[in-house]
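Participant: Heads up: the sequence lines are chains F and G, in that order.
Position one of the first sequence corresponds to residue 295 (our numbering), numbered consecutively onward.
Position one of the second sequence corresponds to residue -19 (our numbering), numbered consecutively onward.
To be clear, the hints were calculated from the coordinates, so they are not data collected in a lab.
Because the structure is a prediction, the values reported are computed rather than measured.
A portion of the hints provided could be inaccurate.
[As the list claims (entries may be wrong)] Interface residues of chain F toward chain G, partial, derived using beta-carbon atoms under 7 Å: (1) Phe460; (2) Ile526; (3) Ala567; (4) Pro650.
[As the list claims (entries may be wrong)] The calculated DSBU-like cross-link candidates involving lysine-lysine, where the alpha carbons are at most 35 Å apart (straight line), are: (5) Lys313(F) with Lys485(F); (6) Lys485(F) with Lys604(F); (7) Lys105(G) with Lys81(G); (8) Lys105(G) with Lys334(F); (9) Lys139(G) with Lys104(G); (10) Lys81(G) with Lys334(F); (11) Lys81(G) with Lys139(G); (12) Lys139(G) with Lys334(F); (13) Lys313(F) with Lys104(G); (14) Lys485(F) with Lys334(F); (15) Lys593(F) with Lys604(F); (16) Lys313(F) with Lys334(F).
Here a beta-carbon is modelled for each residue, glycine too, at the ideal position from N, C-alpha and C.
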Amino acid sequence: MQQAIEGSLAIARAVALCKPQVVAAYPITPQTHIVENIAKLVADGVLDCNLVSVESEFSAASVVLGAAAAGSRTYTASASQGILLMCEVLYNIAGLRIPTVLTCANRAVSAPLSIWNDQQDSMAVRDAGWIQLYCADNQEAVDTTIQAFRIAERCEIPVMVCVDGFTLTHTLEPIEIPEAEQVNTFLPPYKFSRSLNPQQPISIGTLLSPDLFPEARHSHHQALLNAEQEIISAANDWAQICGRAGPDLLEANGPDEARIGILIMGSVYGTLADARNHYSDLEPIRLIKLRAFRPFPVKALQEACQGLDKIIVLDRALSPGSGGILGNEVRSALYEIENAPQVYNFAIGLGGRDVPMDTLPQLISAIRNNTHEYFRVFDAVMERLPEEDR
Amino acid sequence: MTLTEIRIHGRGGQGNVVAANLLAMAAFETGRYGQAFPNFGAERRGAPVVAFVRIADASILRRCQIQTPAFLIIQDEALLHIPGVTDGLLPGGKILVNSSKAADEFSAPDNTELITLPASLIAKKFLGRPVPNTALLAAFLSLTNLFPIDALVTVLAHKFSGSILEHNTQLIHQAADQVPNGHWQETIHATGH
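Can you make the complete structure from the sequences, with help from the hints?
Facilitator: Laid out in structure tokens, this is it:
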């Protein structure tokens, strides 16, 4: 049934429907209402779960690692500095191939200190070996959360569900919360193939000599590439059950004759889609919503870009000294195809800068002139900066 | 698609986010699509805060802040003196202010209309606490006829019962009766984008 609720509450309910046995979280900022709402569901007896309130995000991730290794379905959520503090453990969770689900309520990373939305936090841990799925709206956040548990458990790879902080987590809107029965049909009880068990002791996380390390890394890489199929099948199977189709790896839409594409991850997609309807005098535009950033869906992306002359890639994060992170990955993915579109890469909405409707005509006008821009922070006002910083 | 954009200004502790959420939830009760979100800052009691509400008859895709609202709801009259509060209000836009003063004691931007409602006093009378948000929403719905005020009662009934709900219901009807019903009805179709 559709309900008008806040994104964080909807995500908490989706998590509860997946019946995690252990949820560990640091309850103080940077944190969202997600774990607060899970705590309420536990207190109200709706969710039977061991809720561990820890003293840091490092510990939150560590508790989740241990509990999942011991065979529990686990969940945690964090953002911003919390993700950075978790970083070491995130690599361990992934390297040990332990399934768990984490919601990253995407927020900027300090300094300068910011509490607002961009995607620098999840981008900072993009190489940790987790699957990363980005949500464009709160319905996708709910559906992706449920799918994430199945993907994580089938692939034995942790999944980070990336949801724009504030823009989605603090927005109230009509959201369909699935029935328990639907989730039970979709998601079987968790059974970990390498569960720690005192009756049959095994060691995990032991020293790996150079003799075997590259092979371990290769198989982790291969497992992530193979995860594409599980991401697709989770999206398809869930759509069958809930009757609501969502994106799998990515979703492209727009008229076939479009020669300009715009690629984005996360909630700015909605504003651009609305703006495309509103500014109907603009040339045809194909909007590409990238959902899977890890694994990076090279083939699907190449297909989605067929027929485009130019593609604008919008980054919600920055690799200082290089440029856009997503932009560079898209460039690399398109490099080898014939008639590849020219990539225009802009960072936008950093640190919560609003991305208004007229961004769309501004973007289109920025690529109309013939000088090809490699990268810039699109909404930075140069006049505010001293000459040497422009 | 009819899209109505409303910006609510208040102070930390006045229930600004609650007001935005209530309005969107009530819209949803009537079969409309409601979207509410705050403009977060470093919140503390008394600090100026802003929340946004969009109401439409179809799903709302945009997630940007509301720069050109048709309506402003101001929970504290002193906020009208802060630069930026009335920025972007559409020509013909309307301002509802919580104040026991007369409307002509305030200066509204050209080509806009300002109406006052002693919302804190009404709340004090019915609830014992000067929390203006529900009274302002009731008056807003009465002025605009955006949807029936009963939807507001329905939403409150999800959260409250007994005498608290009863007092809130009385407050809603009292506040609605204190403004000219339907006076702002035409403005709900005004949009900037």
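Participant: Among the hints numbered above, which are violated by the structure, and what are their numbers in rising order?
Facilitator: Per hint list: 2, 6, 10 and 13 violated.
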